[in-house]
Every structure is written in structure tokens, then in C-alpha cells.
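Participant: Chains as they are written, first to last, in my numbering: chain A, 2 to 195; chain B, 2 to 195; chain C, 2 to 195; chain D, 2 to 195.
In short, the hints are calculated from the structure, not lab data.
Remember, predicted model here, so these are calculated numbers, not experimental data.
Hints are supplied without guarantee of correctness; some may be wrong.
Because identical chains cannot be distinguished in the list, a pair is counted as satisfied if it fits within a single copy or across any two copies.
Unchecked claim - When the alpha-carbon atoms are kept at most 25 Å apart in a straight line, the in silico SDA-like pairs for lysine to any residue are as follows:
(1) K166 <-> H77
(2) K45 <-> G62
(3) K190 <-> R47
(4) K87 <-> G165
(5) K87 <-> D110
(6) K153 <-> G68
(7) K132 <-> H103
(8) K132 <-> R65
(9) K45 <-> L104
Given next are the chains, with one letter for each unit.
4 protein chains.
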Amino acid sequence: MDEEGFGMLGRMMVALEEIEGCREFAALIPEVRTNLVYARAHAKTRDDVFAIDGRITVVEGRPRAAGRVRFGASSHMARLIIELRKVDLSVRAGIDFANTPHLTAWLEDHCRTKGWVFSVIDRRGEPEGIKETEGASMPWKVAEAVRMAGGKVPKIFYETGAVGKEPVSVLVGSDPIEVAGQACEIARKYHGPG
Amino acid sequence: MDEEGFGMLGRMMVALEEIEGCREFAALIPEVRTNLVYARAHAKTRDDVFAIDGRITVVEGRPRAAGRVRFGASSHMARLIIELRKVDLSVRAGIDFANTPHLTAWLEDHCRTKGWVFSVIDRRGEPEGIKETEGASMPWKVAEAVRMAGGKVPKIFYETGAVGKEPVSVLVGSDPIEVAGQACEIARKYHGPG
Amino acid sequence: MDEEGFGMLGRMMVALEEIEGCREFAALIPEVRTNLVYARAHAKTRDDVFAIDGRITVVEGRPRAAGRVRFGASSHMARLIIELRKVDLSVRAGIDFANTPHLTAWLEDHCRTKGWVFSVIDRRGEPEGIKETEGASMPWKVAEAVRMAGGKVPKIFYETGAVGKEPVSVLVGSDPIEVAGQACEIARKYHGPG
Amino acid sequence: MDEEGFGMLGRMMVALEEIEGCREFAALIPEVRTNLVYARAHAKTRDDVFAIDGRITVVEGRPRAAGRVRFGASSHMARLIIELRKVDLSVRAGIDFANTPHLTAWLEDHCRTKGWVFSVIDRRGEPEGIKETEGASMPWKVAEAVRMAGGKVPKIFYETGAVGKEPVSVLVGSDPIEVAGQACEIARKYHGPG
Chain A
2 MDEEGFGMLG RMMVALEEIE GCREFAALIP EVRTNLVYAR AHAKTRDDVF AIDGRITVVE
62 GRPRAAGRVR FGASSHMARL IIELRKVDLS VRAGIDFANT PHLTAWLEDH CRTKGWVFSV
122 IDRRGEPEGI KETEGASMPW KVAEAVRMAG GKVPKIFYET GAVGKEPVSV LVGSDPIEVA
182 GQACEIARKY HGPG
Chain B
2 MDEEGFGMLG RMMVALEEIE GCREFAALIP EVRTNLVYAR AHAKTRDDVF AIDGRITVVE
62 GRPRAAGRVR FGASSHMARL IIELRKVDLS VRAGIDFANT PHLTAWLEDH CRTKGWVFSV
122 IDRRGEPEGI KETEGASMPW KVAEAVRMAG GKVPKIFYET GAVGKEPVSV LVGSDPIEVA
182 GQACEIARKY HGPG
Chain C
2 MDEEGFGMLG RMMVALEEIE GCREFAALIP EVRTNLVYAR AHAKTRDDVF AIDGRITVVE
62 GRPRAAGRVR FGASSHMARL IIELRKVDLS VRAGIDFANT PHLTAWLEDH CRTKGWVFSV
122 IDRRGEPEGI KETEGASMPW KVAEAVRMAG GKVPKIFYET GAVGKEPVSV LVGSDPIEVA
182 GQACEIARKY HGPG
Chain D
2 MDEEGFGMLG RMMVALEEIE GCREFAALIP EVRTNLVYAR AHAKTRDDVF AIDGRITVVE
62 GRPRAAGRVR FGASSHMARL IIELRKVDLS VRAGIDFANT PHLTAWLEDH CRTKGWVFSV
122 IDRRGEPEGI KETEGASMPW KVAEAVRMAG GKVPKIFYET GAVGKEPVSV LVGSDPIEVA
182 GQACEIARKY HGPG
């Protein structure tokens with residue numbers, strides 16, 4: 002590993018510890034679990050992106066990483082970050098979490114308060130030819146999130162509407178400690194419906 | 002804990018070790034992860050059902066339990082077993098795993114070879130009033146699986162067709178060591194499409 | 002595994018959970034760590050004795066098992082229990098923990114209160130020929146503990162006085178839940194010197 | 002955490018992964034377990050030294066960290082490194098492992114081959130007044146190791162001869178990846194007596 006890698010790995014460990022220490026975040030971990038990713042400054046492939054092997058799940062009511070932080074440990078979130086970086090190179094980190102109608106409305110408000118760009122990917126609009134080709138969805142999804150955000154990479158966005166896919170929200174930023182802190186702040190401020 | 006509990010917990014640990022030792026099973030763990038459950042002989046609620054806290058996920062390419070085996074650690078799979086037991090009291094254990102069109106076709110063949118009853122729950126047929134009521138789906142799903150199996154509890158069944166829900170397969174039996182062994186045999190024999 | 006093994010494994014898991022949940026016990030875990038062992042009713046070798054692979058260590062200030070509960074996972078404590086069973090077959094479980102002059106004095110009092118037999122193995126009395134032969138110490142140590150206890154297997158004993166060996170205390174009983182409970186009670190009642 | 006800390010933490014994680022991946026090192030882990038430490042460039046106290054919470058133990062025949070890498074997680078090894086740095090500021094990392102007469106003789110040869118300084122601390126020479134004062138041993142031990150090495154900080158040294166203390170060997174260097182690599186090379190080359 003090189004110097005960039007050592008510093009990135011240290012930041013990932015600190016970010017992960019923040020998430021594991023935030024009991025409220027457990028309520029935002031979806032069935033498909035949460036991942037936290039961090040791309041090299043010149044990332045080209047998923048092997049340039051740190052992620053958590055086995056993702057973050059809920060154990061004894063708290064967020065817990067299933068495995069180690071490794072380059073290449075994520076497929077979906079790593080490809081998402083790499084695709085977003087084609088639009089904005091400052092995006093290097095991201096985290097995914099739950100999505101419900103109630104949370105979505107709350108997040109939209111939260112983004113307004115923070116001055117963050119919010120967006121949505123409605124997968125019912127995805128062309129059939131793309132849906133059927135393994136791996137082809139990502140460029141379409143990112144283009145859709147950016148289009149719906151008026152041409153910018155949004156800070157938070159969600160995708161919804163697919164058969165057989167749990168909808169999730171995504172928050173992105175430049176550093177895993179930043180995105181972990183922002184995700185934990187959301188978890189502490191948000192209280193579910195009812 | 003009582004004598005029944007100690008023996009059940011020991012059996013859960015041995016069953017879990019079989020799954021963790023079966024590298025091929027990692028390919029059958031869905032995004033929503035796998036759980037393994039085991040109900041008391043007179044189980045009434047989810048607190049009478051052992052399950053794995055945090056479920057089983059994939060770490061370093063192998064199945065790995067995220068947390069401990071505990072009574073009450075599952076909601077969905079525990080309620081499924083309890084509902085199935087209203088039809089057949091011999092059902093005490095179950096495991097869920099991936100579902101794809103290719104695997105479904107293979108499982109149907111496998112069941113024929115084994116002399117096992119196979120069934121399906123098509124959630125597109127679920128009445129709207131049930132879908133919208135939290136927790137109301139389970140009796141409908143079990144009734145549907147049993148109806149499609151000609152009135153018997155099937156050995157393997159799957160549910161499919163819901164927006165926002167990953168489809169999964171379920172295998173049930175009388176003991177977690179039995180169902181773990183049967184699930185691992187499937188994992189070793191099945192090879193994905195292509 | 003057989004029926005006896007399943008029940009024993011369940012009891013070991015419950016006993017371990019009690020120890021892991023007793024924060025005060027962390028202060029009694031020696032540098033060489035703690036093990037908890039449980040022998041079959043007809044145990045002949047260490048492979049008939051459950052123990053914790055990697056023993057119990059202190060993580061984040063709490064007792065934590067390093068690995069799984071397995072038959073054969075202990076050498077020293079397993080051989081100790083097997084040797085004790087030559088004197089008293091009701092002894093099936095044991096746990097080892099710290100030993101200091103202050104704790105020893107306290108334990109002697111505690112045993113008096115409980116009506117338990119207390120004993121000591123002073124390894125300075127061990128014949129040279131035994132010390133030098135790998136594995137030969139155990140029969141001598143058990144004979145010494147029993148001799149110093151007036152012919153009975155003591156409930157608690159300690160060994161001390163060897164160059165290169167950290168002294169430890171041992172508590173034995175018929176069941177791991179019993180010995181875990183008794184060890185945790187000691188940990189909660191005992192407060193170190195000063 | 003600051004930039005130095007992030008980079009150090011990343012290096013600790015990589016060093017730890019090397020040790021965990023070296024099955025042969027398990028044979029060199031003493032009863033008191035192994036720690037790996039890494040001091041800040043301007044370390045003053047143990048809170049400036051990274052170490053492994055719960056140390057490294059043997060699980061399923063392999064080295065395994067019990068807990069997380071944290072500043073302040075070691076007392077003994079951290080104080081040893083800080084004391085050594087009073088003689089040589091380039092020393093920032095260290096690892097401890099087993100010590101037997103056979104290994105000692107082998108290590109002395111290995112040091113000769115590598116051109117490394119080897120030393121010994123014979124605790125039978127420790128003045129009584131120092132032995133009895135908690136924490137007073139470390140300056141004496143380091144002075145003794147340096148004195149026996151002709152005034153230099155040795156690369157490898159061991160301490161022996163104390164009642165109630167397991168003897169260990171220590172290897173030091175400037176970086177945890179360096180010392181982990183050197184310790185694993187020793188483990189792979191060394192084969193125990195017989």
C-alpha cells in the first residue's frame with residue numbers, strides 16, 4: 002500500500018468507529034445493509050475504492066461492520082462513486098442507508114436547511130434495454146440523479162420504484178469522516194413516523 | 002434458559018458452523034442476508050424462536066454470522082415459521098437464501114429428485130388491503146404457499162414480484178442441522194447460470 | 002455431535018454470555034487470559050472437554066471470548082479437570098482467573114463464608130524430575146491441591162511460586178453456568194487493594 | 002485524529018493483516034499474548050502509542066487481534082517503546098513474542114546473520130527496591146538491555162528469570178509494517194526444538 006492508501010485506511014477506520022458508536026444509525030440501516038466507501042484521488046476501478054467487506058449490519062441493536070475495510074470490497078457503491086466522479090471529481094466518499102416515504106420527506110427538508118442539493122432516481126423511468134443488461138444501470142442512474150438536480154451531483158439522493166430492489170438513500174462527500182458524521186447527524190435528528 | 006433451550010442452542014451452533022464452513026453457500030446469500038431460525042416445540046411468539054442476531058452475511062468470500070444466536074433475534078423468518086406451524090407442527094426450523102429465475106428452475110428440479118414439495122408465493126396476487134397493513138402479509142403468504150402446494154407445507158418455496166422487496170427462497174424442516182445440511186447440499190450442487 | 006454435546010454446548014454459550022456481560026470480571030482476567038471448560042460425564046481426554054478457542058480476553062474493558070466454544074480447545078484447563086475427576090467425578094467445569102496476595106486473602110475469606118474448601122499448590126515444592134518433564138506436572142499439582150485440602154477436591158485453589166509462570170486461581174464445579182455465576186459473583190464483590 | 006494519526010492507523014492495520022495472515026506466527030504467540038505498538042514521532046505517554054486492544058491471540062490456529070487498534074491500548078509495550086526512545090528516537094514500533102531457550106539461541110544466530118544487535122535482560126539482577134515499586138522496572142530493564150548491547154538499543158532482546166512472569170522476546174524498529182514483516186520472517190524460518 003502507498004502513502005495515500007495508509008492515510009485513507011486510517012480515515013476509514015475513524016469514520017467506521019463513528020458509525021458503530023452511533024446507536025441511532027441502526028434504525029437507518031436497510032435490509033440490504035449499509036456500506037461506506039472512499040475512492041482514491043485518481044480512482045478508476047472498484048479496486049481503487051475502500052469499502053467494508055460484508056457491509057455494516059445491526060448487531061445487538063448497534064451498527065457493526067461485518068468484516069474488514071478493504072480496497073475492492075464493494076461493487077455497487079464503488080461503481081456509483083466512480084460514476085459520480087465523472088461529473089464532479091471532489092466526490093470521493095459515500096454511504097447508503099434506508100429510504101421510506103417519511104424519511105424522504107424529512108431528508109428533503111434537511112437538505113433545504115443545510116443548503117444541500119437533493120435528488121431522486123425513479124427507476125420506473127429506466128429504459129428496458131438498460132435494465133436487462135447487467136451493470137448498465139449505473140451510468141443511467143447517475144445521469145438521472147444529476148439531471149433531476151439541475152446538472153449538479155446532489156449531496157443526498159435516493160432511488161425507488163424497482164421490482165425486487167429495496168430502495169435506498171445515498172449521501173456523498175469528499176471524505177468518509179465527513180459523510181459518516183453527516184449520516185450520524187441525520188440518524189440522531191430523524192425520528193421515524195408515528 | 003431451560004433444558005429444551007440448551008439443546009436447541011447447541012444445535013443452532015452446530016448448524017451455523019456447517020453453514021459458515023460451506024464456502025459455496027456464500028453465492029446463495031441474498032442482499033438482505035440469510036437467517037436460520039429454530040422454534041421451540043410449543044413456540045407461540047418470535048421470542049420462542051432462535052435466530053442469528055444481524056443474520057449471516059458474506060465476509061472474505063465466506064458465510065459469516067454477524068452476531069450471536071439468540072431467542073427473538075429474527076422478526077420476519079420467526080413469524081414465517083410460527084405461521085407455518087399452524088398448518089404443520091413438525092416444522093420448527095428454516096433458512097432463507099437467494100432467488101433468481103435460474104435458481105428457481107434448478108430448485109424445482111431438485112425438489113422433484115428429492116421428493117420434496119415445492120411452492121411459490123406470487124405477491125402480485127396479494128390483496129391491496131393486506132399489503133398496506135404492517136404485519137398482515139404473513140398469514141396471506143403462508144396460506145398462498147400452502148394453497149399452491151395443494152394443501153401441504155412445502156419443503157422449499159419462494160416469493161417474488163414485490164416492488165422494493167428482494168425475492169428470496171425459503172427451505173424449512175424440523176431441525177436447524179437438517180436444514181443447514183440441505184441448504185449446503187443445494188449450494189454445493191447448484192452452479193449459477195452461464 | 003450427540004445429545005449430551007448439544008446440551009453442553011448450549012450451557013457453555015449461556016455461561017460465556019454471563020461472563021461477557023460481567024464488566025467487573027475483566028479486572029480478574031490474568032495476562033495469560035481466562036478459560037472456561039466443561040467436560041463430558043465420561044470425559045477421558047481433552048477432546049471430551051469444551052473450552053473457548055483463544056480463551057477470554059479483555060476488549061474495550063469487558064471480558065470477550067476470542068473464538069468459538071469447541072471440544073478440545075483447551076489443553077491446560079482440560080487436563081486439570083480430567084485429573085481432578087480422578088478424585089471426584091462430580092467435577093465437570095472450571096474457570097481460571099487472576100491471583101494476587103490481596104485476592105488470595107479475600108478468596109480464603111469468601112470460601113469460609115460460602116462453606117467452600119480452599120487450597121493452594123506451592124510449585125516451589127514440586128520435585129525437579131517432574132518440573133522438567135512436559136505434561137508431568139498436572140498429576141502432582143492436583144495431588145498437592147487435594148492433599149492441602151485434606152483429601153477433598155477444593156472449590157477454589159491457586160498455584161504460585163513458579164519462575165516464568167503467572168500465578169492463577171481456579172474455581173471448579175459441576176456445570177459451566179454454575180462456575181460462571183460464582184466467578185462473576187466474586188468479581189462483583191471483590192475490590193482490589195487500596 | 003490528525004494527519005499523522007490517520008497514516009499511522011493505516012500502517013497499523015496493514016501490519017496487523019500481515020501478522021494475522023502468517024499462520025506460523027501463531028506458534029510464537031506466548032500465553033500472555035502478543036502486542037504490536039507504534040508511537041507518534043513525538044510520543045510522550047502511552048496515549049501517543051497505537052496498540053491492539055486485547056492484544057493478538059491464537060484462534061483456530063491463526064493469529065487474531067482480539068479488538069481494535071487504538072491509541073493507549075497498551076500499557077507495558079507502550080511504556081517500553083517510550084523508554085527506548087529516550088536512547089534512540091528512531092525506535093517507534095515493537096512487537097513481543099515467545100521466549101524459550103531454543104528460540105533464544107536461534108534468534109542470536111538470526112541477529113548475527115542480519116547484522117542486528119541482540120541483547121538480554123536478566124531480571125534476577127534487578128535491585129529489590131525497583132522490583133517492589135509498581136512501574137519502576139521499565140527504566141531499569143531498558144538500561145540493562147542497552148548496557149548488555151554495548152550502549153545501543155538492540156533490535157531483538159528478551160527478558161527472563163522472574164517469578165510469576167512469562168519470559169518474552171521483543172523486536173523493535175521504526176515502523177509496524179517493518180517489525181511485522183521481520184517477526185513473520187522469523188516465524189516462517191524458525192522451527193521449534195525436536
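Participant: Evaluate each hint against the coordinates.
Facilitator: Structure-based check of all given hints:
no. : hint          : verdict
1   : K166 <-> H77  : both (13 Å within a copy, 17 Å between copies)
2   : K45 <-> G62   : between (36 Å within a copy, 23 Å between copies)
3   : K190 <-> R47  : neither (32 Å within a copy, 30 Å between copies)
4   : K87 <-> G165  : neither (28 Å within a copy, 28 Å between copies)
5   : K87 <-> D110  : neither (28 Å within a copy, 46 Å between copies)
6   : K153 <-> G68  : neither (34 Å within a copy, 40 Å between copies)
7   : K132 <-> H103 : between (27 Å within a copy, 18 Å between copies)
8   : K132 <-> R65  : neither (32 Å within a copy, 31 Å between copies)
9   : K45 <-> L104  : neither (33 Å within a copy, 33 Å between copies)
The earlier numbered hints that this structure contradicts are 3, 4, 5, 6, 8, 9.
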